[in-house]
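Based on the sequences and whatever the hints tell you, model everything.
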Amino acid sequence: MISGSAEIARGRAEVTPSRTSTRAVQVLAMLLGALVLAGTVLGIVDGRAAARDEDGAAAVAAVRTHLTALVAAPSSPTARTQALDGATGTWRARLEDGTMPAAAGSAVVVRAVGLESLDGDSARVIAAARLTDGNTQRAWRIAATLTRQDGRWLVRGLAEVP
Amino acid sequence: MTRRDPRRRWLLVALAVLTIAAAVVVGQLARRAVVAGETDAAGRDGVQASTTLTPVLLGYDWRTVDADADRIDAVTTGPFAEQNRAIVLGLVVPAAVEGHASSSATVSGVGVVTATPDHVETVVLYTQTTTRDGDPAPRRDVRSARVVLEPSPDDGRWLVAGFDAL
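Just so you know, the protein sequences line up as chains A and B, in that order.
What the first sequence shows, in this note's numbering, is residues 1225 to 1386, in sequence order.
What the second sequence shows, in this note's numbering, is residues 799 to 964, in sequence order.
Please note: incorrect hints may appear among the correct ones.
[Said to hold, decoys possible] Distance windows between CB atoms, simulated:
#1 G888/B x D1357/A: 34 to 40 Å
#2 D1321/A x D864/B: 54 to 60 Å
#3 T1360/A x P877/B: 31 to 37 Å
#4 D1345/A x E836/B: 24 to 30 Å
[As the list claims (entries may be wrong)] These stretches of chain A come out as covered by chain B in the derived footprint (C-beta under 8 Å, 3 or more residues):
#5 1257 to 1271
#6 1335 to 1346
Read the hints as simulated data drawn from the structure, not as lab findings.
Ideal Cβ placement from N, Cα and C applies to all residues, glycine included.
Rendered as structure tokens:
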């Protein structure tokens, strides 16, 4: 009887660590699986947020560059090419027709540019600038709409805010 | 049994290490997701706050100028609040009373320049209309400003922490 109990006890002592380790492996595997799943979802969320930040920064930079090129365009063929290169749609057509918002010899200082909205491949940007035209200097307030084409943000509409 | 099966022990150790590493990565990604969400919300709230607070900051009427000064003070925060209070009480209020002046502003556009969960910088396009005794008609000026917003330390409301004319 005593001998039988000792055998059972020895058997349990040998089996229990094995079962425990199997269970630990199962728990860790499940936990790892859940973490990988959560990491994948969070990675996608993080990637989208980063892409959105990059889109906003790129749209703002495109407007800043476009405004500078636009004002320099009447007196610089290079700037005119750059202005056309940064435009699309009806706005580009207007620029190609020769409609430039500033006269030759004008200069612009872009003070601040901010993102008003961003929705997929469309963005709207607000800019505050000072436009020097001859001896006169005035506030130049711009609202620009942009569209993304082939990975580039292009100005498709630009209007002075009265 | 375990002692006799080193492969199982190594599997356990490897799984434990991988799980800890995954937990660290997931923790960091979760934190980034929370910050990204808070930044998005801050940008939206900042635009809303700039739109509603800029007219408050720039609005006064000589007949109600003391109450207006209190209202202006209530929408500012941080070191800017003290600077603005000094300007309002030292310059704006006396000039408004003396010249029977009033001012109002309407916002025509707001864009987010930068945003973090507790600091938003916006560019605001607005029109300021001022009237004073002796002027034949109200004066209308189109202006732009860089408006900085931060949450109130008391209740978390977004308040003006900086205003620079552009």
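Which earlier hints turn out false for this structure, listed by number in ascending order? none
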